[in-house]
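Undergrad: If you want the building blocks of each chain, they are given just below.
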Amino acid sequence: MGSAVDTLVFSLLNGTVYGLLLFMVSAGLTLVFGMMGVLNFAHASFYMLGAYFAYTLQGLVGFGPAVVAATLLSGAVGVVVERCFLRRVHHYGHAHELLLTFGLSFIIAEAIKLFFGNHPVDYRIPPALDVAAFTLGRQQYPAYRVLMAAVALAMFGVLWLLLTRTRIGIVVRAAIHKPRMAQALGHNVQLVFMGVFGVGAALAGLAGAIAGAFYTTNPNMALEVGVMAFVVVVVGGLGSLGGAMLASLLIGIVTSLAVGVDRSLADLLAVVGAGAWAEGIGGLLTLKLSSLAATLPFALMLLILLVRPSGLMGEKA
Amino acid sequence: MRTTLSLVAAGVALLAALPALLPAGLLIASIQMLIAALFASAYGMLSGRAGMLSFGHAAYFGIGAFATVHAMNALGGTGLLPTPLMPLVGAAAGLAVGIVAGWFATQRSGTSFAMITLAIAELLHALAPQLKGLFGGESGLSTMRAPAWGLGFGSTVQVYYLTLAWVLLCLGLLYFHSRTPAGRLMLALRENGHRLRFLGYDVHGLGVSAFAISAMFSGVAGALQALGNEAANYAVFDAGVSAGVVLNSTIGGVGSFLGPALGAALMTFFGYAASDATQSWLLYQGVLFVLVMMFAPAGLAGLVAAGARLVERRGWRTAASVALLAAGATVLLGAGGVFIVEMLQRLCSQDYRALAQAAAELPAVRLLERPWSPTALSTWMLPAGLLACGTVLAVVARRRVGSAT
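Chains as they are written, first to last, in this note's numbering: chain R, 620 to 936; chain D, 3 to 407.
It cannot be assumed that every hint is accurate.
Covered, in the sense of this in silico footprint (three residues per stretch, anywhere, with C-beta under 8 angstroms from a C-beta of chain D), are these stretches of chain R [claimed, not checked]:
| hint | segment |
| --- | --- |
| 1 | 641 to 654 |
| 2 | 668 to 676 |
| 3 | 710 to 721 |
| 4 | 739 to 751 |
| 5 | 915 to 929 |
Keep in mind that the hints were calculated from the coordinates and are not lab data.
Ideal Cβ placement from N, Cα and C applies to all residues, glycine included.
Same shape as in the complex, but just chain R:
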């Protein structure tokens, strides 16, 4: 019995950490979306760039400085993307911008394949950090996961304080809410856009630099995390930071718990005596929940769109 509880606690912890990681990626995405009305397809590419930058620099300057440099470099790429690409096609409308970021994400992924090859690279956490944080039952919990969670929580706190308690935050929120009015009041809205875009990209790069060492660093990581981040943004409510946090945790925990459940719908139906019938039907009904874990976030997103189209904490529909 004790081991079952341990497993449950571990699943919950892992899910929370994964959720916090998702939050790090989707925070920038949801802020940029709220501000410019543009879903940035290339956002997850900054996450991937962060991981590859850190991987490349790790051998030269060590892990810690590499993470910092990767964060800054990803932010710089983000600024370039906003300044040289997005701003130039802004007058064609949102659909055009969306397609452009889509093309950029495609190019970044292909460029990564060009430079690093179409396979995972050997990016690992440094041995000094590869220790156990605490022991639960008979299993050890890696300190690096705790570190990832701490970074994400610190990021959430800083962003929250910055947006709600400082003058810069007020200007940013004004630029998000009513860009024209903010401009009329003499604020450089273009600069704010560029800054928020760059910060969002830097945060995604930080997430990539940290998470890439723990999970795998490969050319598909942008797509995998990117799609999940879109789901988070929709479920949480477009443009809502708190919603992104809530949705990230929800999706992280649900996915993590589902992996550990070895039951299918047929087992559930067996409780009401329809088990044999479900076995006969096969297909979806006999699939184990653990093998459906990857599809659960999408199902959740469709459910949210049906029940509450504006997302968990979104304001507008």
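Since the structure of chain R is provided, determine the placement of chain D on it from the hints.
TA: Same frame as chain R, but now just chain D:
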């Protein structure tokens, strides 16, 4: 009107004569081009006319393909649905799934719509390998084209004509749809959904119909692919397939009816021709797409239209000189860019890295049947010179156009 009709007739005649003109390998590529053109047209109808960007159209393509494989295996090409009518199964499956998915997706518009379509496609992609009975797991399903109507469907030529007939029929239907009042309403939906609602139209219903029709024709394209390959694998649900149709249609230009088909046919052909020569074809495709988005938002079809306008305003002579300059600039810039990418690709390859580790100084790279030293200045001066000359030509061409308008 008469010139358009005669152009279309000439195009159809050329397509019909292709099997006599092309070797077998290129004929297979032509089948792929036709299928890609139909898929892109179906996509262009939704994204261009109705203004709904779908990033998950692989789902309906794949559903059409799998439904056809199942129908071919179940019916064996006999009875009411002989082999040539099999794409009807793909159409029905695409339509049915399109209605359900469209009902969800069109609850929202704009960006959210795009994300929902992406999520639905990813859902299918994640689910497909698990459902072995339906999608054959990792290995996929295979089938056989049964003889029907006195035809064996064993040769590539017969498959080509079957594909051609279906693609032309579907393009005709899509064109007819764009001329009907329902098709006209798609434009209104794109321009101003609110006003349409005030006028008393059922906006959600219209959106679902646009989505379902697009999914139906995507299903036909998938069915033709399954007929051609005699197999289907869950890889058709891959995000790359969805991305490909977005890139191809936009490069061709979703603003015009034939733009997406043109773009898809061209890109498929280049992909076929380039896949042996380079490993970086997808990178070129992406760069081309971004360049089109930045400098020619109406796509290749828009460039053709701009050329026609130039002829009208300034006569053949100016237009021809601008076209020549632009073509020269494209060739030079393209050559310079491709050279750099191919050099980098070879420099970063695993084989080369292993060589470089062993040797004292960086070994030369073989490209265009010639060794190039990566440390020599001349190696990098060549692409730089190409790019510089290309830029000069592009600027001159642009000045000419500017003085013309």
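Undergrad: Does each hint fit the structure? Answer for all of them.
TA: Hints versus structure:
1. Judged by the Cβ-Cβ criterion of 8 angstroms, the segment 641 to 654 of chain R is not covered by chain D as claimed, because only 1 of its residues qualify and three are needed.
2. Remark: the segment 668 to 676 of chain R is not confirmed as covered by chain D, as 0 of its residues place a Cβ nearer than 8 angstroms to a Cβ of that chain, below the required three.
3. Given as covered by chain D, the segment 710 to 721 of chain R passes the check, having 8 residues with a CB less than 8 angstroms from a CB of that chain where 3 are the minimum.
4. For the segment 739 to 751 of chain R, the stated coverage by chain D is not satisfied: 0 residues place a CB nearer than 8 angstroms to a CB of that chain, which falls below the threshold of 3.
5. Coverage of the segment 915 to 929 of chain R by chain D holds. Counting CB-CB distances below 8 angstroms, 7 residues qualify, and the rule asks for three or more.
Violated hints, in rising order: 1, 2 and 4; the structure is consistent with all others.
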